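Asks: Sequence:
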Amino acid sequence: MQLPEDLQKAIETEIESTGLKELSQAREELTDRYRIPSQKRQFMTSDVQRQSYLATRLPATYAAVYQALQAVKKQSEELSPNSLLDLGAGPGTALWAACNVFPTLQSATLLEKDLSLANFGKRLAQYSDHAAIQEARWETADLEQLPDLPVHDIVTLSYSIGELAPALIPALLEKCWQAARQLLVIIEPGTPIGFERIRLIRRQLIEMGGHLVAPCPHHAECPMEGQDWCHFAARIERTSFHRRLKSGSLSYEDEKFSYVAASKVVHPLPPARILRHPHHRSGHSLFTLCTANGVKQATVSKRCGSDYKQARKLEWGDPFPFNL
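In our numbering, the protein residues as written are 697 to 1020.
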């Protein structure tokens, strides 16, 4: 996928006054700092670092949020949210993605503790034609010290809950669930640590009465843990400037992510979810699936007729539509 043209133009305008060398140095600083857990709370300390984030990380996180929300929409096509609350909003990435998935969105509230990063987000919003982005309400807030949250149709937390101490997450999750009129979506990096957070969040959502929408095809205990973790990948095209800035040769970047979405009402679930790249071979396709009975292998062959043609189009992360 590509970034929306208006968002790409907005980013280019915001960084055009800063040289490639400065942005590259800032990217290295952010990479080094992110590897030190004690420094995550002060992740970005200069506007050059924030510009570098817009150029190098925003596209990938946009792709992850967009793909997660598309998976949610696929399972709940009747969903037509009017309002969104995004916690740890950064420069508003999740709102841009949500507006492209759910064009019915009319209003949004974005909570972000980094005032300077929020100001970048406000300037980016001026390039959008979507009223929910242009007129979004920005509030300065720390996820560790949140009051009760206003109710919105959808509540999102993307790449933000991992910055909290684990002991603080259950209380925050409860506030988010109370604020979600229809849906709560949480997205984290697709690492073993990121997935472990999602796995625990999934369990709490079920305990609070949530109905899972995606990616889980069931409400049984998650069969994945440790080094066998549930994650997916979103591919985003790189611009030539992006490649130079990250010293990359590929024309695309794959962002791995883990996520969970829960609804206040029941939505139909597929028989299974595809956990790995399918192996499409001559005459048959092999799938690794998450099911209510654990991780299973399935084969769809030419003898399955029209199912086989459909199976050849299935990809990693898709719902598996056939009964096992």
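It is worth saying that the hints were derived from the structure and are not from the lab.
It cannot be assumed that every hint is accurate.
[To be verified] In silico SDA-like cross-links for lysine to any residue, where the CA-CA straight-line distance does not exceed 20 Å:
#1 Lys960 / Arg899
#2 Lys871 / Cys918
#3 Lys871 / Val961
#4 Lys809 / Leu860
#5 Lys770 / Lys960
#6 Lys1009 / Met697
#7 Lys952 / Lys809
#8 Lys871 / Glu903
#9 Lys942 / Phe1018
#10 Lys770 / Lys942
#11 Lys769 / Ser803
#12 Lys1009 / Val961
#13 Lys1005 / Gly990
#14 Lys998 / Thr987
#15 Lys769 / His915
[To be verified] Quick list of the computed label-pair ranges, beta carbon to beta carbon:
#16 Pro866 / Gln993: 31 to 37 Å
#17 Ile889 / Lys717: 17 to 23 Å
#18 Gln993 / Arg940: 23 to 29 Å
#19 Asp825 / Lys960: 29 to 35 Å
#20 Glu718 / Ser803: 35 to 41 Å
#21 Ser1002 / Asn815: 52 to 58 Å
#22 Thr741 / Asp1003: 50 to 56 Å
#23 His973 / Glu840: 24 to 30 Å
#24 Glu835 / Thr800: 21 to 27 Å
From a predicted model like this one, the values you see are computed outputs, not experimental measurements.
Where is the CB? At the ideal position from N, CA and C, for every residue including glycine.
Asks: Going through the numbered hints above, which ones does this structure break? Give me the numbers in ascending order.
Replies: Hint check: 2, 7, 9, 10, 12, 13, 14, 17, 18, 23 fail, others pass.
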